[in-house]
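There are 2 protein chains.
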Amino acid sequence: MKLAASVLEGDRLALARLLTQVENDSASGRAALNALFPHTGQAHLVGITGAPGTGKSSLVNRLALHFRTLNKRVAIVAVDPSSPFTGGAVLGDRVRMKDLSGDRDVFIRSMASRGALGGLARTTAGIAQVFDAAGYEIILIETVGAGQGEVDIARLAHTTLVVEAPGLGDDIQAIKAGILEIADILVVNKADRPGVENTEKALRSVLELAHPTESERAHHGEPMRMHGAAAAPGAHNWIVPIQRTRSLDGQGISELADHIFRHHKFLHESKQWVRRNETRLTAEVASILQHMLVLAFQSKLPEGRYNDVMRQVFARRLSPGEAVESLLDGTLGERTGAEGGGSQ
Amino acid sequence: MKLAASVLEGDRLALARLLTQVENDSASGRAALNALFPHTGQAHLVGITGAPGTGKSSLVNRLALHFRTLNKRVAIVAVDPSSPFTGGAVLGDRVRMKDLSGDRDVFIRSMASRGALGGLARTTAGIAQVFDAAGYEIILIETVGAGQGEVDIARLAHTTLVVEAPGLGDDIQAIKAGILEIADILVVNKADRPGVENTEKALRSVLELAHPTESERAHHGEPMRMHGAAAAPGAHNWIVPIQRTRSLDGQGISELADHIFRHHKFLHESKQWVRRNETRLTAEVASILQHMLVLAFQSKLPEGRYNDVMRQVFARRLSPGEAVESLLDGTLGERTGAEGGGSQ
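Respectively, the protein sequence lines represent chains R and L. Note that my numbering numbers the first sequence so that position 278 is 283, with each residue one more than the last. Note that my numbering numbers the second sequence so that position 8 is 13, with each residue one more than the last.
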């Protein structure tokens, strides 16, 4: 508990140590998270996602610098699921050091993991809670890539920025409706490059497909549409803005920050701030629960049982579904009828 | 069981129907998978992954056409985790129709899902098993994007192709060591574009970092290095080739196919074919087990209990970790001591 108290008092060394414990999912890290949890709920979580090559890291740096001029305390969590370097995307950090190091009100944490699916999103949630409790007002969660894992991490955020750049958009797949659907704000970075108009135009057309504007809805006589979890922004008069930026000289950064503040205000006024927090916490509990169920099951399994079953699968005498049935039969003591799979 | 028998007899309609059942994780789909499993193990699973904009789909089309000229039966599984269109990436399919439709020995299946993390990899494994049992000799599993989810899907494969293209590589993050680590074959597609030499050079340098060549190892007096799951290729004299391709006119496709055949042969000779099958099946069993544990737990939870606990989390009276402890206490009947998290 001492570590949690030190973090609440603003001890940076304690903060760094706790972040490592949370990343390692240690018992003391979990205990500290429990102790800190009542102090969370203030920070604005901003997710930044997009394909490689869009210049997300420089953009995040620029944003952090801008927030500092407004005297906001900023944390950056850079998540790189495919990096083999556990503990941090070293290059990215070094680039950042120059501008942001020495500022006590900025904290940068890189996370990389080739660990189990779902584990990274769970850990990122814990890291964000630590920063939140420690009084960081804006937490920028940057994810490299644009796959399902990144989307799940982006969903942790109150406000999600999807970053595009000219020159990547010549493939139908480059503009992913699924990614756009989670966007609260679209950024066209590297806006000095040729093709910026085309990128923006393409984004606008996909956007109108996903979130018809009020006028268009009225025109077609359609009711307000809900788009699952992503529905929220469009549904209560949040029109997803498209902002051009240039990380090189900071062009558009101040406007981008204003969109972020505007979205923060919108979330509170529309009560979606609370709803997004609840969605996030529900997902977090589900993820921890799943993790714990597997651990509890493994501890009850007789020694060697798992390997015995796997040997039969390797010999193709048991299918993977039958193997799981067999493992569950032995430990749960009862067949899970409808889910057994072996019989119709 | 009738459906499984029809699939084994080469009934395309039955095959399509079963694929849908597997995608929906229906009881009859699971039963058919169990029945088909003893007939699997012959197909060569080839994963194709890479960032958006690299032209993967056209490349996969070209490869399939080439394999057809060699009289191989080919299945294509196009996985797009971020697509909102459940049931298929419609555009991609339409493009494909032109060249490959009407050929009875080609089967194309698009999968899209915004479902639970891990679910898509699990389903893809089932889909591949159906094709395998149905006698498709080469199964091309194409994943859009390059995040953790895609890597997990690519790991299903015996042979993994990572596709790059010139013009995307101007960002440090564009060349992802983590993605490269899973590559058995590197493809520089769109090789007619300017910058192809730079892309290839960059790939080669990252590659040498990840898989030092034999001569370099000898030079530095180092032992053979293992790189976790990805170690296999480098470790037994598989030097990851870099192949330039142009989907437009098929340049380099025949050479690429040769690399794939060469890798197939290498896997058998080095016994890694068996090892990769075992790794894949182990992951599949773990994923199904996790899924079933959660379902079994949910069915035993008293009505309303979950919502009660979540309300306390929303009020920040219970942390997510404490919430899970509380849920497990009520149902498992015993504390999972070391994993409880609340106490140090």
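The hints are simulated quantities; they were obtained by calculation from the structure and are not laboratory data. Hints are not guaranteed to be accurate.
[What the hints assert, rightly or not] Here are some of the chain L residues that sit facing chain R, going by a computed Cβ distance under 7 Å: (1) Arg281; (2) Glu283; (3) Pro307; (4) Ala320; (5) Arg321.
[Stated by the list, open to error] The list that follows gives simulated cross-link-like pairs (lysine to any residue, SDA-like), each with its CA atoms no further than 20 Å apart: (6) R:Lys276 x L:Thr287; (7) L:Lys305 x R:Lys276; (8) L:Lys305 x R:Gln317; (9) L:Lys7 x L:Arg22; (10) L:Lys305 x R:Ser292; (11) L:Lys276 x R:Gln317; (12) R:Lys305 x L:Leu300; (13) L:Lys77 x L:Gly46; (14) L:Lys305 x L:Thr287; (15) L:Lys305 x R:Thr287; (16) R:Lys305 x L:Leu8; (17) R:Lys7 x R:Asp30; (18) L:Lys305 x L:Asp334; (19) L:Lys276 x L:Met315.
Ideal placement from N, C-alpha and C gives every residue a C-beta, glycine not left out.
Item to check | Numbers of the earlier hints that this structure fails to satisfy, in rising order | outcome: Violated hints (numbers, rising): 1, 3, 4, 6, 7, 8, 14, 16 and 19; every other hint is consistent with the structure.
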